[in-house]
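Trainee: Each chain is listed here by its residues.
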Amino acid sequence: MEAASVAHLAGDHEHHGPPPANRSSRVDTPLLGMLLFIISEVMVFGAFFTAYFFIRVASGDPWPAPGTDLPVQVAGVNTAILVSSSFTVHWAGSAIKHGNRFALKAAIFTTFLLGCTFLFVQINEYANIGFAPQDGAQQTVFYSLTGLHGAHVFIGLLLLLFVTIRSFRGHYSPTEHTGVEVPGIYWHFVDIMWIVVYTTVYVL
Amino acid sequence: MPHEAACYVPRRTRAPCEAAHSARCARAVLNPLRSEDEAFRFLLYAIAVILAIVALVVLLRAVL
Chain A
13 MEAASVAHLA GDHEHHGPPP ANRSSRVDTP LLGMLLFIIS EVMVFGAFFT
63 AYFFIRVASG DPWPAPGTDL PVQVAGVNTA ILVSSSFTVH WAGSAIKHGN
113 RFALKAAIFT TFLLGCTFLF VQINEYANIG FAPQDGAQQT VFYSLTGLHG
163 AHVFIGLLLL LFVTIRSFRG HYSPTEHTGV EVPGIYWHFV DIMWIVVYTT
213 VYVL
Chain B
48 MPHEAACYVP RRTRAPCEAA HSARCARAVL NPLRSEDEAF RFLLYAIAVI
98 LAIVALVVLL RAVL
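Taken in order, these protein sequences are the chains called A and B. The first sequence lines up with residues 13 to 216 when you count with this note's numbering. The second sequence lines up with residues 48 to 111 when you count with this note's numbering.
A couple of the hints might just be wrong.
Unchecked claim - Pairwise CB distance ranges (calculated):
| no. | chain 1 | residue 1 | chain 2 | residue 2 | range |
| --- | --- | --- | --- | --- | --- |
| 1 | A | V208 | B | L111 | 19 to 25 angstroms |
| 2 | A | P74 | B | L77 | 24 to 30 angstroms |
| 3 | A | A59 | B | V76 | 26 to 32 angstroms |
| 4 | A | D81 | B | L98 | 20 to 26 angstroms |
| 5 | B | L77 | A | H28 | 39 to 45 angstroms |
| 6 | A | T152 | B | L77 | 34 to 40 angstroms |
These are computed hints drawn from the structure, not numbers from a lab. Every residue, glycine too, gets a C-beta built ideally from N, C-alpha and C.
Construct the complete structure from the given sequences, taking the supplied hints into account.
Mentor: Written out as C-alpha cells, the structure reads:
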C-alpha cells in the first residue's frame, strides 16, 4: 500500500478520467469559446434591434412615442462614464502586464465604481422617465433594449468584482493575467453594444 | 495565448519567417477576441465609425 502510494508520488501514474476531447478546429479552444459566446450575444441583441427597427421603420410609428421624452443628456453623460470605464479596464490590463500591482488595483476598482455608477444612473432613469413598459410597443422595446444591456452590465460588474477581489488578494502577474484579460474583452463588448444602443435609441 | 492558434491567416500562405508572419497577421486582421488590447482598439474604431455615421445622418437631415 505504502509502496504503491510512493510509486504514485514518484510519477509512476497512469491516466484516469475521460480521454481528452477531440479538437477538430485549429482555433484555440478558449478563443473559440469566446468567439461563439460573443456571436450568440450579438444575435440576442440583433433580435431586440430587429424589433426596434421594425417598430421605428417598418410600422412607421413615431420615435419616441408622442408624450414621451427620452433623457438624451443624462444618457449621454452615462455613455461617457461607460466609455471611461473601458479606458480604466485597459489601464488595468496594461498595468499588470508591466507588473504594476498598485495601478492594477486602482484601475480595476475605478472600473468597478464607474460601472456601478452607470447602472445606478440607468435605474434612476427608469424611476423618473415617466412611462412604463406596458404603455406601448415603443416603450416596451425601449425597456427591452436598455434592460438587456443593463443585465449585461450587471454580469460584467460581477466579473469585475471578482477581478477586484483577486487583485487585492495579490493574484495575477505579468505572465498570468488571463483573469483580467477576458473580463476586459467582455467589458469592451458591453461598451460597444451600449454605444450602438445609445446612438440608435437616444440620438438618431 | 499562443499566437499560432489564434491567427486566421491560412497556413499555406504563411511566410517562412515567423516574426514576419506575426507582423503580417496582426496587420491583416484586427480580432477583438484575441486580446484585451485588440478589443480596446476595436472599441476606439467603433466609436470613430459611429460618430461618423451620426454626423452623416445629422448632415443629411439638415440638408434634405
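Trainee: Against each hint, give a clear statement of whether it holds in the structure.
Mentor: A quick look at each hint next to the structure:
| no. | hint | verdict |
| --- | --- | --- |
| 1 | A/V208 / B/L111: 19 to 25 angstroms | holds, 24 angstroms |
| 2 | A/P74 / B/L77: 24 to 30 angstroms | violated, 38 angstroms |
| 3 | A/A59 / B/V76: 26 to 32 angstroms | holds, 27 angstroms |
| 4 | A/D81 / B/L98: 20 to 26 angstroms | holds, 24 angstroms |
| 5 | B/L77 / A/H28: 39 to 45 angstroms | holds, 43 angstroms |
| 6 | A/T152 / B/L77: 34 to 40 angstroms | holds, 36 angstroms |
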